[in-house]
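*Asks:* Using the sequences and the hints, build the whole thing.
Number of protein chains: 2
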Amino acid sequence: MSSTIEALAHDGWAAATVAAVAERAGVSRGAAQHHFPTRETLISAVLEQIFDEMTANASTTPADISDGVERVAAAVDRAVAIYTGTEFKAALQVWAAAASDPGLRELILPMEDKFARAAHQMTVAAIDPEGRYPQAHSIAQVTLDLARGLGLADTLSDDSKRRAQVVATWTELITAALNIDRA
Amino acid sequence: MSSTIEALAHDGWAAATVAAVAERAGVSRGAAQHHFPTRETLISAVLEQIFDEMTANASTTPADISDGVERVAAAVDRAVAIYTGTEFKAALQVWAAAASDPGLRELILPMEDKFARAAHQMTVAAIDPEGRYPQAHSIAQVTLDLARGLGLADTLSDDSKRRAQVVATWTELITAALNIDRA
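First to last, the protein sequences are chains Z and A. Under full-length UniProt numbering, the first residue of the first sequence carries the number 1, and numbering increases by one thereafter. Under full-length UniProt numbering, the first residue of the second sequence carries the number 1, and numbering increases by one thereafter.
One thing to keep in mind: the hints can contain errors.
Said to hold, decoys possible - Mimicking DMTMM-like on lysine to aspartate or glutamate, the simulated pairs with C-alpha atoms at most 20 angstroms apart in a straight line are:
#	chain 1	residue 1	chain 2	residue 2
1	Z	Lys114	A	Asp158
2	A	Lys114	Z	Asp159
3	Z	Lys161	A	Glu112
4	A	Lys114	A	Glu53
5	A	Lys161	Z	Asp158
6	Z	Lys114	A	Asp159
Keep in mind the hints are simulated off the structure, nothing from the lab.
*Replies:* Set out below in structure tokens:
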């Protein structure tokens, strides 16, 4: 499955067929078709793994990061990490294909919804583990939309330098908005 | 050309061939090939128009918007408008195709660069026409990355309701950061 994610990210939508999966796995087309009787079942399995890995990138909040600016910075970094890996680049290929494929769109939307809720919950918890800031919910939302935009800017060329400045600006704005002191 | 943008956005990458353009325009394939001898020349022309229209969406700052919160809100709305039209959805198809096509990537990157600079300049001018806020440059950058993320969230389903909340949060954060009074 991870070779399919790699192939989607680097070779595009055409790489994610049952036949291509069989070839990469070195199994017969029949064997692959036993697991994935249709392309939809394949894409569905691939997307589930993509979303799992995207949230896995973001789900471990180091307990040793103390309160304050560092924790907010770590929370933002983690949100950005969701959208700057190979998984997001693979997801982008699925989304691009879904623009002209209503069936695929129907398949994706509930999965994406579930992912979005999980990512939001994790980002709120990372910014505000003790539930002290009511604004953390809307700030986490902006953080994830910004992270998605940064991920898209990173798909064709390495955008990490510019991104570091944007992340620094955003982290400053959040800490100011939450009145978090620089420890 | 605008029918090609429409077709890219709705039918995907496969719709942007010289043959498909000829068919939509009702001209012979030979006539279309006279204008666009290769697919690269076609894509290049389409992308140029896409970027022109994206900046056109953002380039007119109404002179009658007074200083203060309303002007910042209008600036943010305009940045978001760049990424929520058909042009962005068409651009997304080109970017997705470029992930597996180094030649296309080379073609896109300088055009995208030029577009990014223009969009940034316009957003800075919209937020801070009188050059009073040094932070306007970095805030404009975050605004555009956020707008790109919001655009991507709008490609598979209508995200306008959720987006309005994100835009409101962001506008509040900017006005607070710039110390702009609610007039």
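*Asks:* Run every hint past the structure and note whether it holds.
*Replies:* Against the structure, the hints:
no.: 1; hint: Z:Lys114 - A:Asp158; result: holds (17 angstroms)
no.: 2; hint: A:Lys114 - Z:Asp159; result: holds (15 angstroms)
no.: 3; hint: Z:Lys161 - A:Glu112; result: holds (17 angstroms)
no.: 4; hint: A:Lys114 - A:Glu53; result: holds (14 angstroms)
no.: 5; hint: A:Lys161 - Z:Asp158; result: violated (32 angstroms)
no.: 6; hint: Z:Lys114 - A:Asp159; result: holds (15 angstroms)
The structure shown violates just one earlier hint, number 5.
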